[in-house]
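Visitor: Assemble the whole structure, with the sequences as input and the hints as a guide.
Chains F and C, in that order, give the protein sequences.
The opening residue of the first sequence carries number 1 in the working numbering; numbering runs sequentially from there.
The opening residue of the second sequence carries number 320 in the working numbering; numbering runs sequentially from there.
Accuracy of the hints is not assured; some may be wrong.
[Said to hold, decoys possible] If you want the ones that stay clear, here's a sample from chain C, every Cβ over 10 Å from chain F, calculated:
1) D324
2) G327
3) S362
4) N377
5) E391
6) L426
7) G460
8) M496
9) Q501
10) R504
11) H514
12) A530
13) N533
[To be verified] Listed next, the stretches of chain C that the computed footprint assigns to chain F, with coverage defined by at least 3 CB atoms under 8 Å from CB atoms of chain F:
14) 367–375
15) 392–398
16) 417–425
Derived from the structure by calculation, the hints contain no laboratory data.
Don't be surprised by glycine CBs; every beta carbon is placed ideally from N, CA and C.
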Amino acid sequence: MQADSDPVTSGMIRRLLRLVLGSKGYDLPFKSDTDRNFLLLLVALMSFLAVLACAGTLTLHAMTQRWSSGLENKITIEVKAETPNGEILSPESVKLDTEKIAGMLEGNLAIKSYQVMNEVEIKKLVSPWIGEDFSFDEIPMPGLIAVELSAATPETLETLTQKVLSVAPSARIETHREWLQDILRFVKTLQGLAFLVAMIVVVTTITAISSGVRSRMAIYRNQVEILHLIGAPDPYIARQFQWHAVIVSLLGSVIGTAAGLAVATLIFHLSGKDETALIPEIGLNYGQIAAFIILPLLACLISGTTARFTVLRTLSQMP
Amino acid sequence: MIRFDKVGFRYDSGPDVLNDIDFELKAGSYHFLTGPSGAGKTSLLSLMYLGHRPTRGNLFMFNQNVGTLPRERLYEIRQKIGIVFQDFRLLGHLSAFDNVALPLRILKRPEKEIRNNVTELLDWVGLGDSKDKLPPTLSGGQQQRIAIARAVITRPKLLLADEPTGNLDDAIGFRLMNLFEQLNRMGTTIVIATHNTHIMEKYGHPRMILAHGNLTLDEHRNKAEETAQGPLTANIKTGTLKHAS
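Guide: Right under this line is the structure:
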C-alpha cells in the first residue's frame, strides 16, 4: 500500500485497520481523505459535550438523591415569637413553649431524634439575612427544634401537629417538602435539558456521518464501481466505509471523552471549594468515570451503523 | 453460458444503443466482438458483465435470468467474470500487486495463496519488478497488463475484454492473446472486443459484428468455427449465434 504522508493519526488508523480488515487495509483511498479530520474533530467535540451532559445528569441525580434522603424524614418545629394578632411574646415565653414541646417529644415513638437549637445556632441560621451585629433583645427570635422522624407519614405528621398545637398554639411545623419539591422540579428540568443535549449530540453525529459517507461515496464513485463490477458484494464495500468510520470515531471519542472528563473533574473540584454554597459536595466517583468507557463504544456503534446503512442504501441504487 | 433474448438497451432516456440482440454463447466458446466505433461494443460487454441491465428483453447469464435475479445475488455472477476494461480502471492508490490481488481478496482467499498466485502472474506478464509500483507511475501498456492480470487471476468462467491489446506492442500483445487461448482451452469462455484485424485473422475465432446497435455474424469465421468446434447455427437476420455442440 502507498506510504502515508499524513500525521500521527494515520499510522494509528492503519495499524487498527490491519487488525480488523487483515493485512491489506482499505481498498479505497481513505487515507488521503481530508474529511477524516473533520469526522475526527466532530466526534471529539460531540463526545466532549456528551460527557459534560452525562456528568451533569449523574451529578444532579446524586444531589437530588442526597437532598431527598437527607430531608424527607426531617421537620423543623418553630415556636413563633409573636401571636397571630401581632402581639410580641417575651423570649422567656418562647423558651418555655419550646421546652414544653421538647418535653412532649421526649419518649415519643414516632420521633427518632430531636435537637432544640440554641441562640448561637439560630443566630448562624439568620445571619445571612440580617447580619451578625444584633442582639436577641432587639429582635424577637423564634424557638426552633430540629426533629428527625422514624417515618414521615401523613398520619404521623397530623398527630404530631395536633400535639404541638395543644402545647403551644403559636407553634408551626415546617416539613421542607414545599421548597424541596421546587428544587427537585428544577433539577428534573435540568436533567431533561441534559438529556436533550445528549440527543442533539447523537442526532448531529448521525447526520454528519451519514452526509460525510455520502459525499465520500460520490468522491470515490469510480473506485466503488470497480469493486462492485469485479464482484465485491455490497457488505464488502460497506465494511470499508464502516471500519473507517468506526476507527476514526474511536479515536475522536477517546480524545473527546478524556477532555470532557478532565473539564468535568476540574469544574467539580472548583465548585467543591465553595463551602458556603447551598449545593453539597459534588463529583464523579470512580465507577461513574469507568462507565464513561461506554461512550467511545457507543460512538463507534453509532458511526459504524450509520456508515454501513448509508453505504448499503447508496449501493442499492447501482445495477 | 450467455443468452441474449431480444435484448434492447439505451442510456436513460437516450436513443437505443442496442436493438433486439439475439444470440447465445456456449460455455468454452471464444468470440471476437468487432464493429465500428460507437457501434455499441462497450455497451454489449457492459450488459454481459452486469454493469447495466437490459432496457428490454431477457438476458441469461450462467443459466440465470439477470432480470429476475435479486440484486443482492448478482455479485455471484460477477465473481465468475473477468473483465478487462478499455480504460483499465485500476485503483490508482493501490500497488500493481494489490490491484491484481483484489478479486482474490474479495473471494477471501488465504493471503499466502494470494501472494504466490499474484507474484507468479505478475512475473508472467513481465511486471514482476513493478509489483509495488502504483499504476499512475506505469506506462499504458504496463497498466493494461495489470488489468489483464486482474481479470484472469481468479480463472474466471467468462472473460470479457475491451480492446485488451490496444496499448501493447505486438510481441506482448500476442503473448497475452496466447494466455487467453490457454485459458479458453482450460474452459474459460472468452469475448474480446477489438478493432485489430491482424489479431482476429491470426486467431481465427468467430466474429460478432455490431453496427448501429445490430448484431450480425461473420459467416466465413463461423464456417471456420464449425470445422474447429462443431456445427454452429447462425441466423443473420436476427443475429442469433449458436454452437450446436
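Visitor: Work down the list of hints and note, for each, if the structure agrees.
Guide: Going down the list of hints, with the structure as the test:
| no. | hint | in the structure |
| --- | --- | --- |
| 1 | D324 | 18 Å, holds |
| 2 | G327 | 16 Å, holds |
| 3 | S362 | 13 Å, holds |
| 4 | N377 | 16 Å, holds |
| 5 | E391 | 7 Å, violated |
| 6 | L426 | 8 Å, violated |
| 7 | G460 | 20 Å, holds |
| 8 | M496 | 22 Å, holds |
| 9 | Q501 | 21 Å, holds |
| 10 | R504 | 24 Å, holds |
| 11 | H514 | 23 Å, holds |
| 12 | A530 | 26 Å, holds |
| 13 | N533 | 24 Å, holds |
| 14 | 367–375 | holds (count 5) |
| 15 | 392–398 | holds (count 4) |
| 16 | 417–425 | holds (count 6) |
Hint compliance for this structure: hints 5 and 6 are broken, all remaining hints hold.
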